[in-house]
Amino acid sequence: MITEIGQSVLDELSSELTENIEDKKAVIAIEQGSNIFVTCVKLLIELIHYFFTAIGMILLVTFAFLNESILNGIQTATIQSLLNLHQTTLVIAFVVSFSVLFVKSASAFRNVQQEAEGNKSQQIQQAKATIELVEEVLHRHRLIELAGKNKL
Amino acid sequence: MNNAKTLINTAALTAYAKEHGQVPAIALGIESIEGYILQVDLDGQINVLSTYLSDKPRVFKRADALLKEAKKMGLTTVSFSL
Numbered sequence: 002m003i004t005e006i007g008q009s010v011l012d013e014l015s016s017e018l019t020e021n022i023e024d025k026k027a028v029i030a031i032e033q034g035s036n037i038f039v040t041c042v043k044l045l046i047e048l049i050h051y052f053f054t055a056i057g058m059i060l061l062v063t064f065a066f067l068n069e070s071i072l073n074g075i076q077t078a079t080i081q082s083l084l085n086l087h088q089t090t091l092v093i094a095f096v097v098s099f100s101v102l103f104v105k106s107a108s109a110f111r112n113v114q115q116e117a118e119g120n121k122s123q124q125i126q127q128a129k130a131t132i133e134l135v136e137e138v139l140h141r142h143r144l145i146e147l148a149g150k151n152k153l
Numbered sequence: 659m660n661n662a663k664t665l666i667n668t669a670a671l672t673a674y675a676k677e678h679g680q681v682p683a684i685a686l687g688i689e690s691i692e693g694y695i696l697q698v699d700l701d702g703q704i705n706v707l708s709t710y711l712s713d714k715p716r717v718f719k720r721a722d723a724l725l726k727e728a729k730k731m732g733l734t735t736v737s738f739s740l
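Chain order of the listed sequences is L and C. As numbered in my numbering, residues 2 to 153 make up the first sequence, in order. As numbered in my numbering, residues 659 to 740 make up the second sequence, in order.
Pulled out of the complex, with its shape left as it was, chain C reads as follows (with noise of 0.2 Å):
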């Protein structure tokens, strides 16, 4: 199995969970720089939220803001990992 992760834009997903409904992702907290990171399972596939440039993972320093990007995203359900 492939564990690793790739990096996935806002738009790619927004359009991804348009396609294909709901998505399960998740919000994993990172204690080194105390924020939250959206990991979503596209078929099989761990992807990570990127910043616009698509360079790094985007990092949520507040867990409403993760959750008001994922409901503009199309996402249903959010769980947080701590």
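Here chain L stands alone, though its shape is the one from the complex (with noise of 0.2 Å):
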């Protein structure tokens, strides 16, 4: 329950508000574009770590399964079928450091325009809770009348 006094005050907060994050509208987009180029840095640098993270994986699984057989195949095994070995080795390395990275990368970026929107609702949210905190009491005082209150 909330005054019309109260909500007219929300309503000069609200706005005010909005004026302050349409003020603020190039600081915000320079904000965004650092907030991309760190991001993407980030991002690049770890995606040489999962690579590196991934060869080192199927390096030391490759050493746990080592056994004669496959000591024998390498020795038998010509240039061609090794170098293709070490190809498809280091594809499946990006592909698998790259899906890690993609599935990351969707909550790396910040959103600065929607942070501040909402900051913004919850600030208003806070600043309601407060102004029918205070009408409760002014009420209980019997200092205002609250329309509808008590009222079943």
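Accuracy of the hints is not assured; some may be wrong.
[Stated by the list, open to error] Quick partial rundown of chain C residues pointing at chain L, CB under 10 Å, derived from the structure:
hint, residue
1, Asn667
2, Thr709
3, Tyr710
4, Leu711
5, Ser712
6, Phe718
7, Arg720
8, Lys726
9, Glu727
Just so you know, these hints were derived from the structure itself, not from any lab. We put the CB at the ideal spot given by N, CA and C, even for glycine.
With the hints as a guide, dock the two chains, each given alone in a separate frame, to form the complex.
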């Protein structure tokens, strides 16, 4: 329950916050651009990290299951087939690291405009709760009348 | 003549404009803070539009934002004084 005056104060707050966001449009655009750049650099570094981790994992798994027949196979294999194996390993490592990165990148980019809008609505919700509380106190002290209050 | 300015909030100014019709308003450019304040003459008393907390003058960084708010409050004319 909120009075007409309380609602008017909330509307004024909302209008001022919207105006603030509009005023900071250029700053938000710069922040968004720098965020995209920084995130891309971070993701590139992570891609390299995941790529080498994937190669390491493939080598470890190969080493764990290494036996005589595999070693014989390697000895008798042609250079071309070894090069193909090497290339396949790199492709697998790249696909795995890229897939992990793709999943991670979904939440890596920040939408600065959306964050500003979110902060605005959060601030309005907090102000609304405060106004409702203040009005409830004033009502219990019989300092204001709330229309529709206590009517069941 | 009393030259002291008082603060008026949006709701009160809207109510005044609704009741009295045309209210002359002046947007005063403030160089030090790069913005405008909205000043209205209500029955000989100079009033400055306040923020939602009614504790300080509301500063508009952009003229279009000021005009939008003025229109919302029912003001018909706003003169700019730079």
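Query raised in the report: Which earlier hints can't be squared with this structure?
Result: none
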